[in-house]
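When you get a sec, could you build the whole thing from the sequences and use the hints?
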Amino acid sequence: MQNQLNWQPSCSIELLQQRARMLQRIRVFFASRNVLEVETPLLSQASGTDPNLEFFSTIYETPPNRQPLFLQTSPEFAMKRLLAAGSGSIFQICKAFRNGEAGRFHNPEFTMLEWYRVDFDLAQLMDEVESLFETLFDGQLGAPQRVSYQAIFEQFTGLDALNFSWDTYSAFAKKENLHDAIAICGDSHVLWLDFLFSFCVQPNLGHGGLCLVYGYHACQSSLARLNSENPLITERVEVFLNGVELGNGYHELTDAAEQNRRFETEIQLRKTASLPMPTKDERLLAALGSGLPNCAGIAFGLDRILTLLAKKSSISQVLSFDIERA
Amino acid sequence: MAVFSTNEFRAGLKVMLDNDPCAIIENEFVKPGKGQAFNRVKIRNLKTGRVIERTFKSGESLEGADVIDMDMQYLYNDGDYRHFMQPESFEQYQADSKVVGDAALWLKDQDMCTVTLWNDAPLAVTPANFVELEIVETDPGVRGDTSGGGGKPAKLATGAVVRVPLFVAQGEVIKVDTRTGEYISRVKE
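Here the protein sequences come in this chain order: A and B.
Under my numbering, the residue at position 118 of the first sequence is numbered 118, and the numbers go up by one with no gaps.
Under my numbering, the residue at position 63 of the second sequence is numbered 63, and the numbers go up by one with no gaps.
Don't read these hints as lab results, they were simulated from the structure.
Careful, some of the hints might be misleading.
As the list claims (entries may be wrong) - Computed cross-link-like contacts, DMTMM-like style, restricted to lysine to aspartate or glutamate with a CA-CA straight-line distance of at most 25 Å:
#	chain 1	residue 1	chain 2	residue 2
1	A	K175	B	E63
2	A	K312	A	D138
3	B	K34	A	E282
4	A	K174	B	E182
5	B	K108	B	E182
As the structure is a computational prediction, the values presented were derived from the model and not from experiment.
Listed below in structure tokens is the structure:
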């Protein structure tokens, strides 16, 4: 029976080579811009609080103590502590872990590229993202598009993303035969945005060239700062290509007290939803308290980028071993 | 009955949806990086055969449906019901024409077929992929024509009509693919 087991990789050997080339190019790209490559722990004593990101946890046995540790859903907190300690601009290529996420474009363990630029605002970060993709795709992509969340949402749904109205939202859902939306979303603005954006907007984004969507509603961003002119929106950007979400970035929140409030709100949400209880990252809060430099940062799913680079249809076709074979 | 959460929805899983037994065909996980996860699921209603698309919040669950496929022998038609027998237990089941549907076109006495049971009652009948049936009516064969080109309609003992090559004659037994309704070959007795 043993040799009946499928021991073969999920991807071809050629894909392994293409992945290695992609990683090399990313490293050259950031080296040429004097962005320092760093490593931070995958196992941490604290976890994220986002109710939509489920962490893996384990127990560190140091008799007589048993300490819970968490696999990181992203290296964000540790990297911000480096920034607060004076690292300057940094990037990292590492594994990130999200429990329960598996599908065509999801694997619970995946490779992330995350970087932070000191003194960058969101527009400068978007410039750099465009340059990176220009390099990775050898200039084969069409001109990038930058559009606000509100504009793109209105274009594909006719709805106002910033001002929720149950009547107009549910009328749209009925017209589009999305009856499940009404049952699932109820009167939660953020659920409606997630639902309609996922099914009616996102599939249309980034065909031919990169699509950068900025100006997300404040209810959708826990780590971005608020826009100085419109407190309804945050300094957040999402990057799409061929209808696939590739990355998410912020002009980072540096206010420790505000960050703590958002953590507490999310912990309450987790409690209400009976989700596993997180351990708040006090060290991140202390670092923010001592001063995070003004910076912008973004994280990309590298397996998804490779999927599109290699013109494959699912993430498992570019992973050495997807979760089914891990 | 067991309860299945969206992450257990695999092709072939039988669940109850809107009080009808259904089979999962496809399950796509859709999740914005910083938002609610959804599962867009393609489901076949096993009563009506219709395929529908539904969206669930990830983590929601559906009750399993007590649906099993069983190999059975087709016994006879009493006019109102067709009767089937499970060959090991000799247990018999009856199904009306609504349940049997188009499978009736291919069911010959004593042949094996698949009966889908829901709560121990027949829900659907699927004939074997290949069946051998006698031609009861067709135009006279054209002597010497073995090319297989052209063809003519032939009525089978079960009432089904299939296209057969010109050389095939009334009274002969032929093999038919029930999935496409296509003639495969003559069967030498």
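Outcome of the hint check:
no., hint, in the structure
1, A:K175 - B:E63, "violated (29 Å)"
2, A:K312 - A:D138, "holds (18 Å)"
3, B:K34 - A:E282, "holds (22 Å)"
4, A:K174 - B:E182, "violated (43 Å)"
5, B:K108 - B:E182, "holds (17 Å)"
Violated hints for the displayed structure, listed by number in ascending order: 1, 4.
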